[in-house]
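Peer 1: Sequence:
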Amino acid sequence: MTTNLCAEQTKRLDKIMYEKLFLIAVEYDGNSTCEVKVTGSTGNLYTVTIDVSKTTTQAFDVFSCNCPDSLKRAKDAKVLCKHSCFVLLRVMRLPVEFFQNVDCAIVKRHIVEFRERIPPPEIVNQQYQLRYLEMSSPEKENRKRKFDVDEKTKIGDDCGICLEPTSDDAACLGCPQCRNCLHKECVDIWLRAQHYGKKACPLCRYSWDDYGKPLSERGFVNLS
Numbered sequence: 001m002t003t004n005l006c007a008e009q010t011k012r013l014d015k016i017m018y019e020k021l022f023l024i025a026v027e028y029d030g031n032s033t034c035e036v037k038v039t040g041s042t043g044n045l046y047t048v049t050i051d052v053s054k055t056t057t058q059a060f061d062v063f064s065c066n067c068p069d070s071l072k073r074a075k076d077a078k079v080l081c082k083h084s085c086f087v088l089l090r091v092m093r094l095p096v097e098f099f100q101n102v103d104c105a106i107v108k109r110h111i112v113e114f115r116e117r118i119p120p121p122e123i124v125n126q127q128y129q130l131r132y133l134e135m136s137s138p139e140k141e142n143r144k145r146k147f148d149v150d151e152k153t154k155i156g157d158d159c160g161i162c163l164e165p166t167s168d169d170a171a172c173l174g175c176p177q178c179r180n181c182l183h184k185e186c187v188d189i190w191l192r193a194q195h196y197g198k199k200a201c202p203l204c205r206y207s208w209d210d211y212g213k214p215l216s217e218r219g220f221v222n223l224s
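The sequence shown begins at 1 in the working numbering and counts up by one.
Think of the hints as simulated: they come from the structure by calculation, not from any bench. For clarity, every value in this text was computed on a predicted model and none was experimentally measured. By construction, the Cβ of each residue, glycine as well, lies at the ideal position given by its N, Cα and C atoms. Among the hints, erroneous ones may be present.
Claimed, not checked - Here are the simulated DSBU-like cross-link-like pairs (lysine-lysine), alpha carbons at most 35 Å apart as the crow flies:
(1) Lys-20 with Lys-75
(2) Lys-20 with Lys-184
(3) Lys-20 with Lys-78
(4) Lys-75 with Lys-11
(5) Lys-184 with Lys-108
(6) Lys-75 with Lys-108
(7) Lys-108 with Lys-72
(8) Lys-108 with Lys-78
(9) Lys-108 with Lys-15
(10) Lys-15 with Lys-75
(11) Lys-11 with Lys-108
(12) Lys-11 with Lys-72
(13) Lys-199 with Lys-15
(14) Lys-199 with Lys-184
(15) Lys-199 with Lys-75
(16) Lys-20 with Lys-108
(17) Lys-15 with Lys-184
(18) Lys-199 with Lys-72
(19) Lys-11 with Lys-78
(20) Lys-15 with Lys-78
(21) Lys-11 with Lys-184
(22) Lys-20 with Lys-72
(23) Lys-199 with Lys-108
(24) Lys-15 with Lys-72
(25) Lys-11 with Lys-199
(26) Lys-199 with Lys-20
To be verified - Ranges between beta-carbon positions, derived for each pair:
(27) Thr-47 with Asp-168: 31 to 41 Å
(28) Asp-76 with Thr-33: 22 to 32 Å
(29) Ala-171 with Asp-76: 35 to 45 Å
Model the full structure from these sequences, guided by the hints.
Peer 2: Next up, the structure:
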């Protein structure tokens, strides 16, 4: 990747090319700020805060992280840590040029688009109906809810957790609601990180609380 970035920034940018990072959750505080939960192979959970309310064009003023590197070394060098690089390039899908000249209006538009992906309240009842029909289907009564990939799953799209492409070569799972394809490794890591909230699909928010459990073990149908 050819850029005019300083050596310290390039070093952190290169890390996301060979280290696998995972998107855990996105939380919002209005349309100008959001927090992105990110974890890596160590399992440590970090929060990248994006604040476009500031009047700045410096990436390190808009993107901040609570990881040790961002709090000290990256801060002193005025560069972004690898978690912020992951959010900027993989999650927000912004160009490398943003490291040098941030357009807050474009970043804000991406934050708004994130919010629009969450299903609005008026379609929740429809989701309840679809889940009831799925869970009451006789042929699925004793099937483990392992989210097996089927013909409706979009293999080839980017995994919604690591933001890297899915393929037939890697073990993949499909969300039973939105049918998006996710790496099994990513799903397992993502679920282990959900200590603070409900386990749900990172893309459509469909409940994953029953992941891996046979219906016969639960004793009741949970439509939430």
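Peer 1: Each of the hints needs a verdict: does it hold here or not?
Peer 2: We went through each hint and held it up to the structure:
1. Lys-20 with Lys-75: This hinted pair holds, its Cα atoms lying about 23 Å apart.
2. Lys-20 with Lys-184: Holds, at about 14 Å.
3. Lys-20 with Lys-78: Between Lys-20 and Lys-78 the Cα gap is close to 24 Å, so the pair holds against 35 Å.
4. Lys-75 with Lys-11: Measuring from Cα to Cα gives roughly 14 Å; hence the hint holds.
5. Lys-184 with Lys-108: Holds, at roughly 32 Å.
6. Lys-75 with Lys-108: Answer holds: Lys-75 to Lys-108 is near 23 Å, not above 35 Å.
7. Lys-108 with Lys-72: It holds: about 27 Å lies between the C-alpha atoms, which stays within 35 Å.
8. Lys-108 with Lys-78: Given that 35 Å is the threshold and the Cα spacing comes to 22 Å, the pair holds.
9. Lys-108 with Lys-15: Given that 35 Å is the threshold and the Cα spacing comes to 26 Å, the pair holds.
10. Lys-15 with Lys-75: holds (17 Å)
11. Lys-11 with Lys-108: holds (27 Å)
12. Lys-11 with Lys-72: holds (16 Å)
13. Lys-199 with Lys-15: The given pair, whose Cα atoms are some 28 Å apart, holds under the 35 Å limit.
14. Lys-199 with Lys-184: holds (15 Å)
15. Lys-199 with Lys-75: holds (33 Å)
16. Lys-20 with Lys-108: holds (26 Å)
17. Lys-15 with Lys-184: holds (22 Å)
18. Lys-199 with Lys-72: holds (33 Å)
19. Lys-11 with Lys-78: holds (13 Å)
20. Lys-15 with Lys-78: Holds - the C-alpha atoms of Lys-78 and Lys-15 are around 17 Å apart, at most 35 Å.
21. Lys-11 with Lys-184: Judged against 35 Å, a Cα distance of about 29 Å means the pair holds.
22. Lys-20 with Lys-72: holds (23 Å)
23. Lys-199 with Lys-108: holds (27 Å)
24. Lys-15 with Lys-72: holds (18 Å)
25. Lys-11 with Lys-199: It holds: about 34 Å lies between the C-alpha atoms, which stays within 35 Å.
26. Lys-199 with Lys-20: holds (21 Å)
27. Thr-47 with Asp-168: 31 to 41 Å: holds (34 Å)
28. Asp-76 with Thr-33: 22 to 32 Å: Check passed, 24 Å falls within 22 to 32 Å.
29. Ala-171 with Asp-76: 35 to 45 Å: holds (41 Å)
When each numbered hint is compared with the structure, no violation occurs for any of them.
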